[in-house]
Amino acid sequence: MLLALVMSLMFLGLKSAGIVAGLGFLDALVDGRYLSNVLLNGVLCFMLFAGSAGVEFKSLEKDEWTIGTLAIGATLIACLLTGALLHLVLGWLGVSLAIGYALVFGALISPTDPIAALAILKAAGLPPRLEAIINGESLFNDGVGVVLFTLALAYAQGSGHDGSPLALFLREVLGGVGLGLAVGVAIHVMLLRTQSYANQLLVTLGWVALGYSVALQIDVSGPIAMVVAGLVAGNVTIPRLSEEIRAPLRTFWAGVDDLLNSLLFVMIGLTVVVVHSLPFAPLIKTLPVAILVCLAARAVSVYVPIFFLNVTHTLEGDRKGVTKLLTWGGLRGGLALALALSLPESHDKPLLVNMTFAVVAFSLLVQGSTIAKLFKPDYLKALLK
Amino acid sequence: MSLLLVISVLFVLTAVLGVVNERYLRCSPASA
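Line by line, the protein sequences are chains S and W. Going by our numbering, the first sequence opens with residue 1, and the numbers climb by one from there. Going by our numbering, the second sequence opens with residue 1001, and the numbers climb by one from there.
Just chain S, same shape as in the assembly (with noise of 0.2 Å):
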């Protein structure tokens, strides 16, 4: 993943450099709607199934209360502190960011994606119940996260629908729920009736493409469905197959995951280079903007759920270690990077786009190199008691 981010630096630096002329065939090739829509589409349909499919219910053992909290309450507070926030700030500064586009960068920057960070912390000696909680909060806040995006970019496109919110919202949430389920069930039927590894990869592969794609035809979320997809084909199907079978589509769908991640940052840097390059002098004022209100954002809405779950004693420890442990741990990833891509074209996407390149390469590279050494060993043993 950090290859794959240096190579997406390395098209901003090439372009800084001045050597653009070198990359006009790319715009031809980016810019052909093509990238953007089909493989884009392709992309966020088989990364948020594989990711969801990873996800499951029985890890969570003791600690459902806090992991349900965290991910909810947490990605729920961040997405609107984040929004409003923006918003408030880069309106003082003078650029124009409408609340409803603010809402839907708040949604998609929400969700957490420690898996750098894991593996650093784990090295520095963090305690296997912390090491739980952070891993469950970032498993279950990309569909807490997908929800809220979905919400807040038809609250965006709202004043071209015509219908209540609420419709929207039922046809939305409810229709990707339902489509979600109906192929988490063919999945099921089908997977349970082969033993063969190729057509165990034909039926998910071939299942999920359908399932995003008629969720695009007919106007409900496609990727609450491939969520919710996940979750069944992970939680109930997959549990079924006997352990050879298993194991290997397992392990291609975390290869897939890892797969596509690594190509959304290198077609993140392509473009923010070519198609959604911005003028520089006012990216310096809000892309930092961008990175502290995040920040900021993140800190108080882990502390609420923090706080809560310390006055219930469900999770009694240090409040502002923890908080600042899971502020400065949250780093973002693939998910923020292909939402942000997927947003319909509009006024406000380049500048989504080019924030969510700078937060998510913030938190990678600054917040994953520092992490080992602001947290001491001694220090995240003592977090909790």
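Heads up, none of these hints are tricks.
For each label pair, taking beta carbons as the anchor points, the in silico distance ranges come out as:
(1) W:Leu1010 <-> S:Lys376: 53 to 61 Å
(2) W:Leu1005 <-> S:Pro344: 15 to 23 Å
(3) S:Leu88 <-> W:Ile1007: 39 to 47 Å
(4) S:Lys385 <-> W:Arg1023: 50 to 58 Å
(5) S:Leu174 <-> W:Leu1005: 20 to 28 Å
(6) W:Leu1010 <-> S:Phe169: 31 to 39 Å
(7) S:Leu292 <-> W:Leu1017: 48 to 56 Å
(8) W:Ser1002 <-> S:Leu259: 23 to 31 Å
(9) S:Lys376 <-> W:Ser1002: 48 to 56 Å
(10) W:Arg1023 <-> S:Arg129: 39 to 47 Å
(11) S:Leu88 <-> W:Leu1017: 53 to 61 Å
(12) S:Tyr197 <-> W:Leu1005: 24 to 32 Å
In short, the hints are calculated from the structure, not lab data. From the three backbone atoms N, C-alpha and C, an ideal C-beta is built for every residue, glycine too.
Since the structure of chain S is provided, determine the placement of chain W on it from the hints.
Same frame as chain S, now just chain W:
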């Protein structure tokens, strides 16, 4: 109809044929 839809329908049809072949026809390329 979008290209993605057509491709994915073909994909699922292949998968259905694969499963039907495996369960009921059993004519694998290896044994043929």
